[in-house]
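Asks: Residue-level listing of the chains:
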Amino acid sequence: MSAPTLAAGGRARRAPVRPARVLLHVFLAGTALAWLAPLLWAMFSALRPYGETSAKGYVSWPDTLNFDNFKNAFEQSDMTHYFVNTLLIAVPAVLLTLFLSSMVAFYVSRFDFRLNLFLLLVFTAGNLLPQQVVITPLYRMYLLTDLPGITASGKLYDSALGLVLIHVAFQSGFCAFVLSNYMRSLPHELTEAALVDGASVWRLYWQITLPLCKPAMAALATLLSIWIYNDFFWALVLISTGENMPITSALNNLSGEYFTDPNLVASGALLTAIPTLVVYFALQRQFVSGLTLGANKS
Amino acid sequence: MTTDTTTKSPEAADAPPSGAASAPKRAARGHRRLLTRRDRITLAFMAGVPTVLHVALVWVTALASIALAFTTWDGIGFDSIQWVGLQNFRQLFADNPQFWPALQHNVVWFVVLILIPTPLGLFLAVQLDKNIRFSRVYQTAFFLPVVISMACIGFVWQLVYNPDTGLINSLIGANKPGHYIDWIGDPKLNLWAVLVAASWRHTGYMMILYLAGLKGIDPSLREASSLDGANEWQTFKHVVFPTLRPTNTVVLVVTIIESLRAFDLVFVFNKGAQGTELLSILVTNNIIGESSRIGYGSAIAVVLLVISLVVIIPYLVATFRKERRS
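In order, the protein sequence lines correspond to chains A and B. Take 11 as the starting number for the first sequence in the working numbering and just add one per residue. Take 236 as the starting number for the second sequence in the working numbering and just add one per residue.
Be careful, since some hints might not be right.
Here are the computed distance ranges between Cβ atoms for each label pair [claimed, not checked]:
id, chain 1, residue 1, chain 2, residue 2, range
1, A, P221, B, A279, 50 to 58 Å
2, B, I276, A, F128, 19 to 27 Å
3, B, K472, A, T155, 54 to 62 Å
4, A, T155, B, K411, 27 to 35 Å
Simulated from the structure, these hints should not be mistaken for lab results. Virtual Cβ for every residue (Gly too), placed ideally from N, Cα, C.
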């Protein structure tokens, strides 16, 4: 971020209040407000009791605004349970993806083997495929894989493990690409000296290269946790028991089963969005840099 | 994974500038010579384990999709797999009333995303790049939908579109019996209704990509242009936009892939019923629907795969060729 210099330049140019600038602000503020309108509308509906909206209509002045719908949605549908499901999928998936893809990236970027480019190509291309291209055989494969005693369902199908594996396999394409670009920019001398001193390859990876990749890893971790949290499709197809679903796809079932009024649906939907919003606001910089890390390099 | 080595020159671009042109070459060779047997085994595992997982779950299944597309299979035992040649495809192209609309909707999806939210995202990025006050606040407002899951976006927009209680119908007074506008149910309207929500999200995504691209432009280029007396539009057209070429490529690829992947939003809206069919929805319906027609579903997946590869391969070849050169 070159914020300081830009800010200085901006201030110099900003000095007098120009009508064009004011107009721009009016435009941007208006557009931003319009942009948030659907979310604000959902919030407004969620804050109002069902009885009041059905009597007065949804576009009406509110008499009562409270968090009852949020509380009801949370309790009625046992959301804690689904949040835990998500946690059990997302945490291992993010960590494993970073671990495995950083190893591939290390291999590809630090050594000069003939297959390197091809390997990276395989990973990157795999990540760009639409999920539906692989789902039919994957679904069958998951049904055929017996894991008695390892997963509750006795199969890869309908298990958290199955979701973790496909997330790792799919997302490591993107991460390997980004991390290999990042590692390539690290000076070669660092690992070289250690290698001459007799350090093992594992040490070069674990103690020298990985610590230097922290910024990229942090950016990717933010991005991955939001993506995996938001996953709807894999869980929809590869999980059959509603109880085993992560929160995002569980909401789809819940909206039909438990929620009879739109205000409750609104609060349920907004509740599922809270964790991603928290992550985004806390780690905004990492998130955006991760997104553009992949895009700018290519 | 073999540990073949090569004499191909390594990344000279990242070497320090001071007369180091030949240093990395030597370093790479040195690396290789210094590798012990154990190191080689470690390396083989480091690359091998992730590769096996990725290839098994992504590429083997993609290839299996192709193979299954030429068969029928009830999914129960392997012996019920029957080779039927092109029958699935023939049926798909000639008899399936949903296939051509789905393909068409995927194309419409792309055309809309590239014509409306993409230029809008670029426009917003250019405005926000002027270092105005509250830039961060505006940026966050536009970007927020990208952070939220597509499924959640589906629910939020349903609240807007609901014929009875939705925002739009309530505002325009179309929520009385007899006056309903059924945004999600009407096959003439629903695709456009979904596309509004998809565009809403896509704009923020494109804005961030373009903002990053704009930040990378050398400010002296713009200064030179304004010294030459170019106005804002001329500078954008002749200086800024041409230098955004790499970003434009990424944006194009991302937009095509997103239109092929489109699924969650439509599924939450109306499960891809009349008017919003998409290839991805048809594939999924063959799995989670009541009838499990594996061969047929795979044939649709193959169509999706072929279209994706037409985009992915040239893009990656160009990207990696550039990388190899540097």
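Asks: Hints first: check each against the structure and report whether it holds.
Replies: Each hint, compared with the structure:
1. A:P221 - B:A279: 50 to 58 Å: violated (24 Å)
2. B:I276 - A:F128: 19 to 27 Å: Once the Cβ atoms are compared, 21 Å apart, the range 19 to 27 Å for A:F128 and B:I276 holds.
3. B:K472 - A:T155: 54 to 62 Å: holds (56 Å)
4. A:T155 - B:K411: 27 to 35 Å: violated (55 Å)
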